[in-house]
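**Student:** Chain residues, written in single-letter form:
There are 2 protein chains.
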Amino acid sequence: MNKKGNTVFFKNAPCVTSFAAVCGSKESAGIIGGYADITLQDDMYGESTYEKAECKMLSTAISIAIEKGGYTESDIDLLLSGDLLNQIISASFAARDFNFPFLGVYSACSTMSESMLLGAMMVNAGYVQKIVAATGSHFASAERQYRYPLELGCTRPPQSQWTVTGAGGCVISNEKRGIKIVNGTMGKVCDYGVTDVNNMGAAMAPAAADTIMQHFKDTDTCADDYDLILTGDLGALGSRILKDLTWEKGYDISEKHVDCGEIIYKVIEKEFQGGSGAGCSATVLNSYVFTKMQSGAYRRVLFAATGALLSTVSSGQGESIPCISHAVQLEV
Amino acid sequence: MNKKGNTVFFKNAPCVTSFAAVCGSKESAGIIGGYADITLQDDMYGESTYEKAECKMLSTAISIAIEKGGYTESDIDLLLSGDLLNQIISASFAARDFNFPFLGVYSACSTMSESMLLGAMMVNAGYVQKIVAATGSHFASAERQYRYPLELGCTRPPQSQWTVTGAGGCVISNEKRGIKIVNGTMGKVCDYGVTDVNNMGAAMAPAAADTIMQHFKDTDTCADDYDLILTGDLGALGSRILKDLTWEKGYDISEKHVDCGEIIYKVIEKEFQGGSGAGCSATVLNSYVFTKMQSGAYRRVLFAATGALLSTVSSGQGESIPCISHAVQLEV
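Sequence lines, in order, name chains Y and D.
Numbered according to our numbering, the first sequence spans residues 1 to 332.
Numbered according to our numbering, the second sequence spans residues 1 to 332.
Where hints are given, some of them may not hold.
Which copy is meant is left open, so a pair is good if it fits within one copy or across any two.
[Unchecked claim] Simulated crosslink set (PhoX-like; lysine-lysine; CA at most 25 Å straight-line):
#1 249 - 176
#2 243 - 11
#3 176 - 3
#4 3 - 180
#5 3 - 266
#6 68 - 266
#7 292 - 266
#8 217 - 68
#9 292 - 176
#10 180 - 256
#11 292 - 68
#12 243 - 266
The set of hints was computed from the structure by calculation and includes no laboratory data.
Kindly produce the complete structure, drawing on both the sequences and the hints.
**Tutor:** Rendered as structure tokens:
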């Protein structure tokens, strides 16, 4: 067996050979601005709707990742993608732009790590040679679908996060170069009963804690073995809750843990808890983090994106928020 | 390589060792009534909302499939599931009922075959021993989300289909018993420019034709090699279009092709083109078809469910309907 606990081990170590990120104007003012391949001046990206702009960002990130790796469309066996819009239309419509198969996935803001986990499984097993894993989100399409019309100018509560406008994707290949995917931990749904849809960090932190601790157990490692333990978009509050939850169980990750949502914006106070959305961890990973790994600044990273599996209907019906986190271990 | 064209071959032949289906009252009057494990008298299933009823059907189908196979929850490594509701809440909330990992997938009404394809890949590679692949839908929750409030009593056009109330799931295992999954063909997005959201059959038929013909090519087979070529929910009209499209390319599937949507209801005229929804192929496959395979009536089946990857937003913005079909080849 190539599995221990909930962690699958990749003895052929599939590699991230290429990556790309497209980000919005607000995002480009922060840490990823100097690393993203395209930084938009106008978040409409020349399209007539927010949804079409979101789809175009995703499609562009996929194209650039393919091109940067020295590949053409015919080299790619498969696209693994999903997004936050109803029926994952950004991913499905982006897939229409390419002549290779598409498998749709959905894991809310942990879609990037789920796609990478599945892609690494398939490349490692020899089913495919090269896949693209990608996702994204758009502030305005997410606000329209999940919250209020922007024109209303609603006040945001202090525990809220700001949906990232951006998309990121990478090529996972059977070639022996780039950033290795050593193993991946499949997450379980965790629900601690949080019902506040404005407090995603608190809802998702238990799922991140569960997956990270399961990963430590399955791989016989601890926080000290990693240069970085990167979560998706817990934000500032959720990140503190994660540190507390893991500390209570005997794991001190405080020195190594960084949350993409917490670091993505320059002036964190203005966006309260920071960034969120599938594009949050996708852009940070596929620009800043992978670049730093290529340069050797980080040699071993645990990437555990987190997703809140709610909908406006489930919240409206009084349900709490089930959350999940899938993780992949990356090494150079 | 274990792949030719877009088809992945499973040399260890993972097996469907157990299956289960739950269906609504209308569905139980048709072909699957005598084969489903639970036939509901009341489609609310004792719940307060349609969405909760849909989730309960899915969760129940998963539980029964596990139990019928002689397994307990601790034997299962993973759930692969998705559904038609926004943010696949039926699958995510059903996953909350079980203590094993969950990977969310979305492929509209081809979710059953996508889940089986991914599950077979993972079992065949030795990453996991037993997974559950499952999906479902509910007429009333789909009408509410995609179309009109039921209370409006809107007239349905003659090219429309009726969303199936039902859920189905199966256990895919590394044991050598049951129904073998021999290979799987990954679908590409096909869009012939159909914009009529009431005519899903016409929109999806090209995707089914593409995947079925790709499968024939990759596996060096033709329609005569199968006892049954089963599509998801093209309905009566879509089924005829599929036969035409494949015939034009030199493949005569007319003797072997059956569409789950076309056969699910007893009096087809009343439901116009027949059934649709992720639960359509899931219930027909996981009750009638698998039972017939177990008895030897069908020995080789190509299951190619089809999905229309639209949303109410994409249609509202004038987009056409991108469609997809994933296929798995089943044998006893």
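**Student:** Each of the hints needs a verdict: does it hold here or not?
**Tutor:** Checked hints:
1. 249 - 176: neither (37 Å within a copy, 41 Å between copies)
2. 243 - 11: This pair counts as neither: shortest intra-copy Cα distance 31 Å, inter-copy 44 Å.
3. 176 - 3: For residue 176 and residue 3, both the intra-copy (22 Å) and inter-copy (20 Å) Cα distances are at most 25 Å.
4. 3 - 180: both (18 Å within a copy, 23 Å between copies)
5. 3 - 266: neither (40 Å within a copy, 46 Å between copies)
6. 68 - 266: Neither, since 28 Å and 55 Å both go past 25 Å.
7. 292 - 266: within (19 Å within a copy, 62 Å between copies)
8. 217 - 68: Result: close neither inside a copy nor across copies, 36 Å intra and 32 Å inter.
9. 292 - 176: within (19 Å within a copy, 47 Å between copies)
10. 180 - 256: Within one copy only: 20 Å inside, 46 Å across.
11. 292 - 68: within (17 Å within a copy, 50 Å between copies)
12. 243 - 266: Within one copy only: 22 Å inside a chain, 57 Å across chains, cut-off 25 Å.
Hints 1, 2, 5, 6 and 8 from the list above are not met by this structure, while the remaining hints are.
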